[in-house]
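**Student:** Listed here are the chains, written in short residue letters.
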Amino acid sequence: MIKSVWVIDDDEIYQMIIKKLIGRSQAFDEEHYYKCVLDVFKDLESPDFQLPDVIFLDINMPQMDGWQFIERLRELCPDLSAKCNIYIVSSSIAYSDKERAKKYPEISNFLSKPVSVEVITEIAEAVNKKTRCRDQA
Amino acid sequence: MSPTSSRKPKLVGLLAAIFFFALGFFMLWQRYQILLETRDREMTGIINVVEKNIDQSLKYSYSAALSLALQIDRDGKIKDFERIASELVDENPNIDAVQMVPAGVISQVYPYEENKDVIGYNILKDPTRNQEAYIAIDSRKMFFAGPLELRQGGLAIVGRLPVFIENEFWGFSAVLIKFKNLIDQSGVEQLATDKYRFQFSKIDPVGGKEEFFLGDSKNLDKSYSEEILMPDGDWRIYIIPTEPHQPLNAVIPVAFLILLMSAALGWIIYNTMKQPAILAAKVRKQAGELAKSELQFRAIFNQAAIGMARVDSNSGLILETNKKFQQLLGYSNSELVYMEHTNISYSEDKDENIQLMNKLRNTEIREYNLKKRLVRKDGEIIWIKLNVSALWSEGEKATSHIALVEDISARVKAQKERAENERRFRSLVENSSEVILIIDSNGFTRYSSPSLERITGYKELLVAENEIFSLIHPADSSILIEKFKECRDNPGVAFPGIKMRLQTKCVKYIWVEATITNLTLDKSIGGYVVNFRDITGKQEAELNLVRSYDFVMEQNKRLLNFAYIVSHNLRSHSSNLESILELYGIEECEKERKNYISLLHNVSRNLDESLHDLNEVVSINNNLDINVETLQVSDYLEKTLEVLQLQIKRKNVRIKSQVPQDMKIIFNASYLESILLNFLTNAIRYSHPDRDPEISVKGYMQNSSWVLEISDNGIGIDLKKHGDKVFGLYKTFTDRKDSRGVGLFITKNQINAMGGKVAVESEPGIGSTFKVLFK
Numbered sequence: 000m001i002k003s004v005w006v007i008d009d010d011e012i013y014q015m016i017i018k019k020l021i022g023r024s025q026a027f028d029e030e031h032y033y034k035c036v037l038d039v040f041k042d043l044e045s046p047d048f049q050l051p052d053v054i055f056l057d058i059n060m061p062q063m064d065g066w067q068f069i070e071r072l073r074e075l076c077p078d079l080s081a082k083c084n085i086y087i088v089s090s091s092i093a094y095s096d097k098e099r100a101k102k103y104p105e106i107s108n109f110l111s112k113p114v115s116v117e118v119i120t121e122i123a124e125a126v127n128k129k130t131r132c133r134d135q136a
Numbered sequence: 000m001s002p003t004s005s006r007k008p009k010l011v012g013l014l015a016a017i018f019f020f021a022l023g024f025f026m027l028w029q030r031y032q033i034l035l036e037t038r039d040r041e042m043t044g045i046i047n048v049v050e051k052n053i054d055q056s057l058k059y060s061y062s063a064a065l066s067l068a069l070q071i072d073r074d075g076k077i078k079d080f081e082r083i084a085s086e087l088v089d090e091n092p093n094i095d096a097v098q099m100v101p102a103g104v105i106s107q108v109y110p111y112e113e114n115k116d117v118i119g120y121n122i123l124k125d126p127t128r129n130q131e132a133y134i135a136i137d138s139r140k141m142f143f144a145g146p147l148e149l150r151q152g153g154l155a156i157v158g159r160l161p162v163f164i165e166n167e168f169w170g171f172s173a174v175l176i177k178f179k180n181l182i183d184q185s186g187v188e189q190l191a192t193d194k195y196r197f198q199f200s201k202i203d204p205v206g207g208k209e210e211f212f213l214g215d216s217k218n219l220d221k222s223y224s225e226e227i228l229m230p231d232g233d234w235r236i237y238i239i240p241t242e243p244h245q246p247l248n249a250v251i252p253v254a255f256l257i258l259l260m261s262a263a264l265g266w267i268i269y270n271t272m273k274q275p276a277i278l279a280a281k282v283r284k285q286a287g288e289l290a291k292s293e294l295q296f297r298a299i300f301n302q303a304a305i306g307m308a309r310v311d312s313n314s315g316l317i318l319e320t321n322k323k324f325q326q327l328l329g330y331s332n333s334e335l336v337y338m339e340h341t342n343i344s345y346s347e348d349k350d351e352n353i354q355l356m357n358k359l360r361n362t363e364i365r366e367y368n369l370k371k372r373l374v375r376k377d378g379e380i381i382w383i384k385l386n387v388s389a390l391w392s393e394g395e396k397a398t399s400h401i402a403l404v405e406d407i408s409a410r411v412k413a414q415k416e417r418a419e420n421e422r423r424f425r426s427l428v429e430n431s432s433e434v435i436l437i438i439d440s441n442g443f444t445r446y447s448s449p450s451l452e453r454i455t456g457y458k459e460l461l462v463a464e465n466e467i468f469s470l471i472h473p474a475d476s477s478i479l480i481e482k483f484k485e486c487r488d489n490p491g492v493a494f495p496g497i498k499m500r501l502q503t504k505c506v507k508y509i510w511v512e513a514t515i516t517n518l519t520l521d522k523s524i525g526g527y528v529v530n531f532r533d534i535t536g537k538q539e540a541e542l543n544l545v546r547s548y549d550f551v552m553e554q555n556k557r558l559l560n561f562a563y564i565v566s567h568n569l570r571s572h573s574s575n576l577e578s579i580l581e582l583y584g585i586e587e588c589e590k591e592r593k594n595y596i597s598l599l600h601n602v603s604r605n606l607d608e609s610l611h612d613l614n615e616v617v618s619i620n621n622n623l624d625i626n627v628e629t630l631q632v633s634d635y636l637e638k639t640l641e642v643l644q645l646q647i648k649r650k651n652v653r654i655k656s657q658v659p660q661d662m663k664i665i666f667n668a669s670y671l672e673s674i675l676l677n678f679l680t681n682a683i684r685y686s687h688p689d690r691d692p693e694i695s696v697k698g699y700m701q702n703s704s705w706v707l708e709i710s711d712n713g714i715g716i717d718l719k720k721h722g723d724k725v726f727g728l729y730k731t732f733t734d735r736k737d738s739r740g741v742g743l744f745i746t747k748n749q750i751n752a753m754g755g756k757v758a759v760e761s762e763p764g765i766g767s768t769f770k771v772l773f774k
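Same order as they appear, the protein sequences are chains A and B. Residue numbering for the first sequence follows numbering that gives the first Met the number 0, starting at 0 and increasing by one per position. Residue numbering for the second sequence follows numbering that gives the first Met the number 0, starting at 0 and increasing by one per position.
Rather than coming from a laboratory, the hints here were simulated on the basis of the structure. Among the clues, some could well be false.
Simulated pairs of lysine to aspartate or glutamate, EDC-like, Cα-Cα distance not exceeding 16 Å [as the list claims (entries may be wrong)]:
id	chain 1	residue 1	chain 2	residue 2
1	B	K720	A	E124
2	B	K458	B	E433
3	B	K720	A	D42
4	A	K19	B	D72
5	A	K19	B	D475
6	B	K177	B	D311
7	B	K208	B	E167
8	A	K18	B	E672
9	B	K719	A	E44
10	B	K770	B	E760
11	B	K370	B	E334
12	B	K720	B	E693
13	A	K19	B	E591
14	A	K18	B	E433
15	B	K663	B	E693
16	A	K19	B	E577
17	B	K76	B	E167
18	B	K638	B	E672
19	B	K720	A	E11
20	B	K719	A	D64
21	A	K18	B	E591
22	B	K498	B	D475
23	A	K19	B	E167
The structure presented is a predicted model; accordingly, all values stated were derived computationally and were not measured.
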């Protein structure tokens, strides 16, 4: 089965890094990188568009932050938490951000940068397990 | 009242009444007798006249009968009867008829016609009449028979003269007088008047019974009558008073009068005699009461709770004292009696008392009151209330007076203490820095402590005229009105902590903290008690404190925000560095490794840029001694527009500037330049692609502070979405590559650092308005 991932982050350098890491982990079949959040919503308008299994989401972005993104996406896809596992990947180590993340059921975990290949592999496995359970059920 | 004294007047009265009654009746009796006698005498007189008149008539009759008898000759023959008879009857009005009655038989009569029926009637043979005829024969005298009913009719008397020839009875010569005629002749009718009546009676020769001929009073009451007997006819003539009891009737009212008068006299005497007895009883009663009241007075005098002394008004010597008086002064009664009253008087108070006593003695006044001091036997001075009243009656000479003495030392002491307290409290109130007002329910100031003038400069404040409200800062007056209302509805409850600004006489506002208590029900206050004190210093300190607190909090917030930014931005670079180095470590391909090195260059450049931004922010916030000066905004605006000239031309921007020349602010020059440049650059950069940019710059005063307003018709910002992030660091709202999210953050920090504020109004697609509120 095909596993897809989105990376949403405005940091160009980070984007390059995470692309290498995901590539090395070989955990995902399909990758998509968004530097600008608003592009996600542009793509969502096309009819054959599908949500990925995993989203790596930054918090601090211009135009729209990570929280606003989740809220907006929730409005468009009501079954968001069932279909998609959102991981916050932020350079923030602020306690308030971690607390806030717990209030969103869509968020599976809060990861502080930098992330390693192992972490990405673990996430992919966890998502696999979850999907299997859901399919069996 | 004793029994003897009451019986005596009664007896005397009764006796007097009886005596007067008896005397009166005796006199009345005499009078009555005189009345009776007078009447008898009158009756006798009248009846004598009647008798004379009748006698006269009879005498005429006798001479007529005799004249007639002389016509009879020796042989018993009657000569010339007709002639003589007519002469006699016609000439003599007393005679109605004449008859010749030989041997008792009526043979001739004149006037014949009227009397012819009796011819031939033998009177001697008539038993009803012959008796009187025989009387005449026997007595050989003329005898009048009747009155009798005539055969020829009518009532008459008949006078018969027996005629004898040679001692031989011949017959009668008779004269007939009508009874009515006889009565007329007697004059009875004229004499009788209405006072008397007459009666004519004769004893019936046959029955021996008295027969009456006049009127209807057959049953004659002879008790008051007079009578005469006429022997020629055996008649009786009575005179009878028509009202036999008239004299008695005349005296009866008098008798009643006497009865009444004597009763009245008896009553008067009784009462007159009784008066002294009543008076005596009264005197006894009053004497008893006097004794009782004297006793009561004694008891009051001795037992009274206030000191009493009787003092000789002339000599000023004390005559007697009661127990309380002795207790008050510590002397015994015997010590006090005959002591001069001035001896116990406090020397300073003596004169006034003596003057008043002189007035009393001279009867100018009847009593007086005085507060004075007395000296006890042990030397202690006591305050007393003295009341002196004269004991002699008005108009009399002065004898003695009574002095009532009440110990008021405690009261005087309390009063002094009260006055002292009052003075102390007053001085406390008056010297206090707290203002105290008493305002009555009409809003007038009843009392204001001197501190009012000290603090506010006003001598008094009127609530009624809304004066007080005009002095309160407009923002605070509603609170005061509210509190006054609450206070009005909750009498007795103090409403403290009312903070407000009050305008003083020198037009400056001061902060006061007031407490209002509604004491309108408290009679000694009768109003609202308002006390307030100047807390301007305190209030300003407090406000400064609040401001400092706000400032610190704001700083803290900014610091937190800054720390967040710093950590976030620096960490993003450090995490990138870490990741790149990690990847570099495991990369085998030399080309890729070179690639990572160039990436490291980028990261380091970004890091440097971030540090530069942060440094700028830190320098704005930390530069406390930054140079400020008075700047004319319009000058700086002009300069900025000059700098932007090229862009303005390129984009065809219309600038509308309405910044007044007098808009001068205290600000840092380079900050102002930066701010103007930033706003204007933004307004030009984020212009709407469908229209030419229009920018309006306005300067105006609001709440005595300058405001700079910069409006554009650009693309706008969705404030619902981004409201709190507009001025955030690294926040951009467009997808333009040249937006770094630093400009507004720096601008806001610069404004804040100068004590100003910035606000934004915007609508996407229409435009934005930024307002800078200068300090």
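**Student:** Give a verdict on every hint.
**Tutor:** Structure-based check of each hint:
Distance hint between K720 (chain B) and E124 (chain A) is unfulfilled; the C-alpha atoms sit about 36 Å from each other, more than 16 Å. For the hint pairing K458 (chain B) with E433 (chain B), the CA-to-CA distance comes to about 15 Å; that is within 16 Å, so the pair holds. In summary, the hint linking K720 (chain B) to D42 (chain A) is not supported, as the alpha carbons are separated by about 21 Å, beyond the 16 Å threshold. Our distance criterion of 16 Å between C-alpha atoms is broken by K19 (chain A) and D72 (chain B), whose separation comes to about 237 Å.
Between K19 (chain A) and D475 (chain B) the CA atoms are separated by roughly 68 Å; this puts the pair beyond 16 Å, and the hint is violated. A C-alpha spacing of about 117 Å is found between K177 (chain B) and D311 (chain B), which places the hinted pair above 16 Å, so the restraint is violated. Between K208 (chain B) and E167 (chain B) the alpha-carbon distance is near 33 Å, which puts this suggested pair outside the 16 Å criterion. Between K18 (chain A) and E672 (chain B) the alpha-carbon distance is near 44 Å, which puts this suggested pair outside the 16 Å criterion.
The hinted pair formed by K719 (chain B) and E44 (chain A) fails the criterion: a straight-line CA distance of about 23 Å is larger than 16 Å. The suggested pairing of K770 (chain B) with E760 (chain B) holds, with an alpha-carbon distance near 8 Å, which does not exceed 16 Å. Distance check on the hinted pair: K370 (chain B) and E334 (chain B) sit about 24 Å apart at the alpha-carbon level, beyond 16 Å; violated. Taken as a hint, the K720 (chain B) and E693 (chain B) pair is broken in the structure, with Cα atoms around 25 Å apart against an allowance of 16 Å.
The hinted pair formed by K19 (chain A) and E591 (chain B) meets the criterion: a straight-line CA distance of about 11 Å does not exceed 16 Å. Restraint check: the Cα-Cα separation between K18 (chain A) and E433 (chain B) comes to about 78 Å, which exceeds 16 Å; the hinted pair is violated. The suggested pairing of K663 (chain B) with E693 (chain B) is violated, with an alpha-carbon distance near 25 Å, which exceeds 16 Å. A hinted pair counts as satisfied when its Cα atoms are at most 16 Å apart, and K19 (chain A) with E577 (chain B) qualifies at roughly 14 Å.
The straight-line distance between the Cα atoms of K76 (chain B) and E167 (chain B) is roughly 14 Å, inside the 16 Å bound, and the hint therefore holds. Taken as a hint, the K638 (chain B) and E672 (chain B) pair is honoured in the structure, with Cα atoms around 8 Å apart against an allowance of 16 Å. Of the supplied pair hints, the one linking K720 (chain B) and E11 (chain A) is violated, its CA atoms being roughly 25 Å apart against a limit of 16 Å. In summary, the hint linking K719 (chain B) to D64 (chain A) is supported, as the alpha carbons are separated by about 14 Å, within the 16 Å threshold.
Using a Cα cut-off of 16 Å, the hinted pair K18 (chain A) and E591 (chain B) holds, with the two alpha carbons roughly 13 Å apart. As the CA atoms of K498 (chain B) and D475 (chain B) are separated by approximately 8 Å, the hinted pair is consistent with the 16 Å bound. Distance check on the hinted pair: K19 (chain A) and E167 (chain B) sit about 235 Å apart at the alpha-carbon level, beyond 16 Å; violated.
Hint check: violations occur at hints 1, 3, 4, 5, 6, 7, 8, 9, 11, 12, 14, 15, 19, 23; the rest are consistent with the structure.
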